[in-house]
Amino acid sequence: MSDIFPKWTNRLPALVLTGAALVGTAAVAGAWYYFTPKYSRVGYQPIQPVAFSHNIHVDQLGLDCRYCHNGVEKAWYSNVPSSTLCMNCHNQVLKEDARLALVRESAASGTPIPWVQVHKVPDFVYFNHSVHVNRGISCVHCHGQVNQMDEVRHAQPLSMSFCLECHRHPELKIRPVDKVYDLNWQAESETQQIAEGKRLMQEWNVQSLDNCSACHR
Amino acid sequence: MRYFLAGFALLVVLVVSVAGFRGGLSRKPPIEIFPDMDRQAKVRPQTADGFFANGLGSRLPVAGTVARGAPFADTPLNTGREPGTTNYVAAMPVAVSAEMLARGQERYTIHCSPCHGGQGDAKGITTKFGMAVIGNLHDARIVQLADGELFNTITNGKNLMQGYGPNIDIADRWAIIAYVRALQLSRLATLDEVPAELRASLTK
Chain A
10 MSDIFPKWTN RLPALVLTGA ALVGTAAVAG AWYYFTPKYS RVGYQPIQPV AFSHNIHVDQ
70 LGLDCRYCHN GVEKAWYSNV PSSTLCMNCH NQVLKEDARL ALVRESAASG TPIPWVQVHK
130 VPDFVYFNHS VHVNRGISCV HCHGQVNQMD EVRHAQPLSM SFCLECHRHP ELKIRPVDKV
190 YDLNWQAESE TQQIAEGKRL MQEWNVQSLD NCSACHR
Chain B
-8 MRYFLAGFAL LVVLVVSVAG FRGGLSRKPP IEIFPDMDRQ AKVRPQTADG FFANGLGSRL
52 PVAGTVARGA PFADTPLNTG REPGTTNYVA AMPVAVSAEM LARGQERYTI HCSPCHGGQG
112 DAKGITTKFG MAVIGNLHDA RIVQLADGEL FNTITNGKNL MQGYGPNIDI ADRWAIIAYV
172 RALQLSRLAT LDEVPAELRA SLTK
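If you read the protein sequences in the order shown, they are chains A and B.
Note that the first sequence ends on residue 226 in my numbering; no numbers are left out.
Note that the second sequence ends on residue 195 in my numbering; no numbers are left out.
Just so you know, the hints here were simulated from the structure itself, not pulled from any lab data.
Predicted model only: the values in this text are computed from it and were never measured.
All C-beta atoms in this analysis are idealised placements derived from N, C-alpha and C, irrespective of residue type, glycine included.
Among the hints, erroneous ones may be present.
[Stated by the list, open to error] With a Cα cut of at most 25 Å, we get these calculated DSS-like pairs of lysine-lysine:
| id | chain 1 | residue 1 | chain 2 | residue 2 |
| --- | --- | --- | --- | --- |
| 1 | A | Lys104 | A | Lys129 |
| 2 | B | Lys114 | B | Lys149 |
| 3 | B | Lys33 | A | Lys129 |
| 4 | A | Lys47 | A | Lys104 |
| 5 | A | Lys83 | A | Lys182 |
| 6 | A | Lys47 | A | Lys182 |
| 7 | A | Lys83 | A | Lys188 |
| 8 | B | Lys33 | B | Lys19 |
| 9 | B | Lys114 | A | Lys104 |
| 10 | B | Lys19 | A | Lys129 |
| 11 | A | Lys47 | B | Lys19 |
| 12 | A | Lys129 | A | Lys83 |
| 13 | A | Lys129 | A | Lys182 |
| 14 | A | Lys104 | B | Lys19 |
| 15 | B | Lys33 | A | Lys83 |
| 16 | A | Lys207 | A | Lys188 |
| 17 | A | Lys104 | B | Lys149 |
[Unchecked claim] To be clear about the criterion: a stretch of chain B counts as covered by chain A if any three or more of its residues have a C-beta under 8 Å from a C-beta of chain A, and this derived list gives those stretches:
| id | region |
| --- | --- |
| 18 | 20 to 29 |
| 19 | 32 to 41 |
| 20 | 61 to 73 |
| 21 | 84 to 91 |
Use the sequences and the hints to build the structure in full.
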């Protein structure tokens, strides 16, 4: 028999098992690491047609989010402002600046600026902005610190588990309504956040919705 | 086995170097493997749509039509003018309350204070960046304007100020006017007008 199978074949089962274990672990680890919005969405930072800086407008100038996104409290989506709104100031500030040429052109002609949408949930997810911002969920919870971004980038995964994390424990995020647009605000401590969050949940009758039709129609 | 391990390590390094790490910057849109459920054939707000000649998904109302619920009647509330005339109403057509003033303060801070300043004295942040002509809300000329004219200015703009009609609801515009009147009063009121029990706190 030893003429048919050389001696090293005795090690073959162990080698095959080790190899399979390595490949299997790598495949599972790779899928776990990469096949998730934490990888596929976070970090998306498209080049916009106009280099608008949220950092300058919000942190340096102190504009409120709602100066431009003025429909966010009333509508299910947060509107991108029309370019005529930019001209409220830029008809005088940086009046001739080349970087704003497209804005002036758009405001004059009525053709929208082709902004690239960064945050896009699937079409079967019905996220309502107004109901969240009017009940103490801040912009920062889903969009990250946009006030510090020169170019907007996708900061949170916006995956289903991301939504459910908060829907199951709203008290960890809910804040007073007048702090919703203050993206730097944080409760003094975690215990205070939870106590205040629980109080606000009771006051507003916030339910911890995790049934399908809360978000999917 | 040695070759297998070397190949395996090479593959891992290759995948990591091509795919990178979580949170890495990407200029390309996220990959969607089966987008037919994620991206449905429906028009979402403010998106392009090839169906119409000009490529806009949202349609503008046909000229002369009024959307349901949109204000259209020629009333002082909607126009700031006496019905059927071009005369501005002297006093606002809505009742003022503490909640309305608070709302007015909030809206004033959002929409007006960047130029007119938190106190209405035309010292907003934009003055540092070349905004030249900003009305000082404490000017006698502006203090004497009818409420209806302030409403018209907020709605349609004046001189270099553009109209805020599309951005601020009608009720909020009146709330802002009420708050502006309060701001003006804060500089014009005399000590005699302050309730007796509060006077001491102002003079100490």
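Taking the hints in turn, this is what the structure says about them:
1. A/Lys104 x A/Lys129: Violated, at about 33 Å.
2. B/Lys114 x B/Lys149: Holds, at roughly 18 Å.
3. B/Lys33 x A/Lys129: 14 Å, holds
4. A/Lys47 x A/Lys104: Measuring from Cα to Cα gives roughly 41 Å; hence the hint is violated.
5. A/Lys83 x A/Lys182: 21 Å, holds
6. A/Lys47 x A/Lys182: At roughly 20 Å apart (the allowed maximum being 25 Å), lysine 182 of chain A and lysine 47 of chain A satisfy the hint.
7. A/Lys83 x A/Lys188: OK: lysine 83 of chain A and lysine 188 of chain A at ~18 Å, within 25 Å.
8. B/Lys33 x B/Lys19: At roughly 23 Å apart (the allowed maximum being 25 Å), lysine 19 of chain B and lysine 33 of chain B satisfy the hint.
9. B/Lys114 x A/Lys104: 20 Å, holds
10. B/Lys19 x A/Lys129: 14 Å, holds
11. A/Lys47 x B/Lys19: 15 Å, holds
12. A/Lys129 x A/Lys83: 20 Å, holds
13. A/Lys129 x A/Lys182: At roughly 22 Å apart (the allowed maximum being 25 Å), lysine 182 of chain A and lysine 129 of chain A satisfy the hint.
14. A/Lys104 x B/Lys19: 32 Å, violated
15. B/Lys33 x A/Lys83: The hint holds at about 22 Å.
16. A/Lys207 x A/Lys188: Judged against 25 Å, a Cα distance of about 16 Å means the pair holds.
17. A/Lys104 x B/Lys149: 18 Å, holds
18. 20 to 29: holds (count 5)
19. 32 to 41: holds (count 6)
20. 61 to 73: violated (count 0)
21. 84 to 91: Answer violated; 0 residues pass the 8 Å Cβ test.
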